[in-house]
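> The listed protein sequences derive, respectively, from chains A and B.
End of the first sequence = 325 in our numbering, gap-free, step of one.
End of the second sequence = 1260 in our numbering, gap-free, step of one.
Just so you know, these hints were derived from the structure itself, not from any lab.
The model shown is predicted, which means the values in this text are computed figures rather than measured ones.
Cβ atoms here follow ideal geometry from the backbone N, Cα and C, with glycine treated the same way.
Treat the hints loosely; a few may be bogus.
What the hints assert, rightly or not - With a straight-line cut-off of 27 Å between C-alpha atoms, the simulated DSS-like cross-links for lysine-lysine are:
id	chain 1	residue 1	chain 2	residue 2
1	B	1016	A	146
2	B	1072	B	1056
3	A	15	B	1258
4	B	1243	A	146
5	B	1072	A	15
6	A	109	B	1053
7	B	1053	B	1236
8	B	1213	A	109
9	A	109	A	87
10	A	321	B	1247
11	B	1248	A	127
12	B	1056	A	146
13	A	63	A	87
14	B	1248	A	298
15	A	283	B	1236
16	B	1086	B	1168
17	A	283	B	1232
18	B	1236	A	316
19	A	109	A	63
20	B	1236	B	1248
21	A	15	A	214
22	A	214	B	1248
23	A	283	B	1088
24	B	1072	B	1053
25	B	1213	A	298
26	B	1072	A	320
Stated by the list, open to error - Just a few of them, taken from the derived set where beta-carbon distance is under 7 Å, the chain A residues facing chain B:
id	residue
27	1
28	109
29	315
Claimed, not checked - FRET-style restraints, in silico, Cβ to Cβ:
id	chain 1	residue 1	chain 2	residue 2	range
30	A	188	B	1243	50 to 60 Å
31	A	188	B	1029	46 to 56 Å
32	B	1064	A	65	43 to 53 Å
33	B	1153	A	173	38 to 48 Å
34	B	1048	A	174	38 to 48 Å
35	A	322	B	1064	28 to 38 Å
36	B	1258	A	80	37 to 47 Å
37	A	65	B	1030	53 to 63 Å
38	A	111	B	1195	42 to 52 Å
39	A	69	B	1029	23 to 33 Å
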Amino acid sequence: MILVFIEVREGKVKKSSLETLSEGKRRADDLNTEVYAVLVGHNVESLASEVFPYGASKVYVLKNSLLRHYSAASFSQALFSLVEEIKPEVVLFSASSMGKDLAPRLAAKLGVSLASDCTRTTARDGKLEVVRPIFAGKAFATLTFKSSPQMATLRPNVFPLLEPGEKEGEVIGKEVVIPEDQIRAQAFEILREEGEELDVTEAEVVVSGGRGMKGPENFDLLRDLTSLLPHSAVGASRSAVDAGWIDHQHQVGQTGKTVSPNLYIAFGISGAIQHLAGMSSSKYIVAVNKDPEASIFKVADFGVVGDLFRVIPYLKEELKKVLSE
Amino acid sequence: MNIFVFVKRVPDTESKIRIDHETGTIVEEGLNFVLNPYDEYAVEEALRLREAKGGKVIVLAVGPDESLTILKKCLAMGADEAFLLKDKISEAYDGLRTAKIIARALEKKFSDYNLLLFGKQSMGADNAQVPSMVAELLGLPQVNVVTKLEIEGAKGIAHREIEGALEKVSFSLPAVISAQKGLNEPRYETLKGIMMAKKKEIPILSFEDLDLKEEDIVPLLEITKMESPPSKQAGKIIEEEPKEAAKKMVEFLHQEAKII
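Throw the hints in and build the complete structure from the sequences for me.
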């Protein structure tokens, strides 16, 4: 069977985990097997009803009061005991911050290798085959596994959710043993920029600015646009970040984040190779740039040669019109 | 405090990646290899910690002889010692293999560590696996993707980047920390540093020196294919008055892309 880890942050199931579960279900169907989900934590049983609709035929709930807060050491210990018991052929995580932190720790505990941040999975000869971008998307590697269970993390925002099905199913609760002295790193506080909830890696629309934005204050123009567009976030090129105009959390590209939103809008971004690597897998790319020779136009589905400061006000008007229809 | 930093040589971010379709590997010829940018933050942080708290900064790389160049750079930045853990495979795309080599080296040769610093990922394999795997193999706490680090005695506090927020994490030493951009501004090598680095020897440790057998670290992922990204069809580029351009752009989003 395929086992999918379901991430809970601040009491909510992460959408990227449900994307991973949906993909797990598709592969389970190909492989004539089932997909199980696993929740880890304290008082998380009630979330099982949010998990079943995306293909899980069973939901395991691993419990211990020490699992109230996430730590890689305790969560990997809990998952290790379940994997040893139920012996899944495949274990999947979302390549979220937590997944990237936790999956390698579990893989090392199990003595297996891990394929990180995959963007495609297929079933071949009864096994899993995955594709993952390397060099931030400048190349793609197809991989198969020589160790078992086959373990992979899947990139958020790439795999479609299943049409939701039944809300009920078998929940199996398990008390797990966690030696307290194993937990020697523990998050104790979350610091959040005000008004900014969505990360560029999770957003469906990324509105990005580059050197052409001319200064930090002009990023407010992009924030205005994101306030109009649902599920959107502000991104930036490396030159805007290095100039100190916006925090590096927003940086898209090879020294920043790789994103694959439905729509990527680039304002005043020339399209250096390391930037293109981080965003060219977006489903649609729209660019506004003064320079008709800018490389960004080579990957854009729709481009406007012009002054972004003159285009944006009209763009807001037009967007409001269409969105209000 | 003994601070160990683990570094890797990677093609710089300007590199165009070409694939040799016969061997299914990346063409290394013509690539400019540099110290992995995330590792630079790790080296810088180690130097700052040493300057503030005393101790030693020891840099290790896993890889072929060509990795000596980046180790020299680390020495020129101010590291006290550097070692190469020689692996003739320059890139296995398998974090577990690298983690096993590092964990074994620490157990056998460098067991007096207090802090293990890594870049959050190598630019290339893009795995972001080795720090967590080393932490697991050695039974240490881990804090990944760190943008701020404070050490006080045998304890520390780190800011870890997560989606749209930062987590404050407390941990005890020895620990594994992986560096994210924003942690610091790496220094340039000084002329004096470069001269000093020239005089330092970089010992090379073989798998034999580490009591490692090739069969213990066989890559467990098999690359069956390597491809370039699909090339994009040229889109529609317009040059019109701002009002008209904005209108057409929204039409595109609404009617063709159906995003809004």
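> Against each hint, give a clear statement of whether it holds in the structure.
Each hint, compared with the structure:
no.	hint	result
1	B/1016 to A/146	violated, 30 Å
2	B/1072 to B/1056	holds, 16 Å
3	A/15 to B/1258	holds, 22 Å
4	B/1243 to A/146	violated, 57 Å
5	B/1072 to A/15	violated, 45 Å
6	A/109 to B/1053	violated, 33 Å
7	B/1053 to B/1236	violated, 58 Å
8	B/1213 to A/109	holds, 20 Å
9	A/109 to A/87	holds, 14 Å
10	A/321 to B/1247	holds, 10 Å
11	B/1248 to A/127	violated, 47 Å
12	B/1056 to A/146	violated, 39 Å
13	A/63 to A/87	holds, 19 Å
14	B/1248 to A/298	holds, 19 Å
15	A/283 to B/1236	holds, 15 Å
16	B/1086 to B/1168	violated, 36 Å
17	A/283 to B/1232	holds, 11 Å
18	B/1236 to A/316	holds, 21 Å
19	A/109 to A/63	holds, 20 Å
20	B/1236 to B/1248	holds, 11 Å
21	A/15 to A/214	violated, 35 Å
22	A/214 to B/1248	holds, 25 Å
23	A/283 to B/1088	violated, 39 Å
24	B/1072 to B/1053	holds, 24 Å
25	B/1213 to A/298	violated, 49 Å
26	B/1072 to A/320	violated, 57 Å
27	1	violated, 21 Å
28	109	holds, 6 Å
29	315	holds, 4 Å
30	A/188 to B/1243: 50 to 60 Å	holds, 52 Å
31	A/188 to B/1029: 46 to 56 Å	holds, 49 Å
32	B/1064 to A/65: 43 to 53 Å	holds, 48 Å
33	B/1153 to A/173: 38 to 48 Å	holds, 40 Å
34	B/1048 to A/174: 38 to 48 Å	holds, 45 Å
35	A/322 to B/1064: 28 to 38 Å	violated, 56 Å
36	B/1258 to A/80: 37 to 47 Å	holds, 44 Å
37	A/65 to B/1030: 53 to 63 Å	holds, 57 Å
38	A/111 to B/1195: 42 to 52 Å	holds, 45 Å
39	A/69 to B/1029: 23 to 33 Å	violated, 49 Å
The earlier numbered hints that this structure contradicts are 1, 4, 5, 6, 7, 11, 12, 16, 21, 23, 25, 26, 27, 35, 39.
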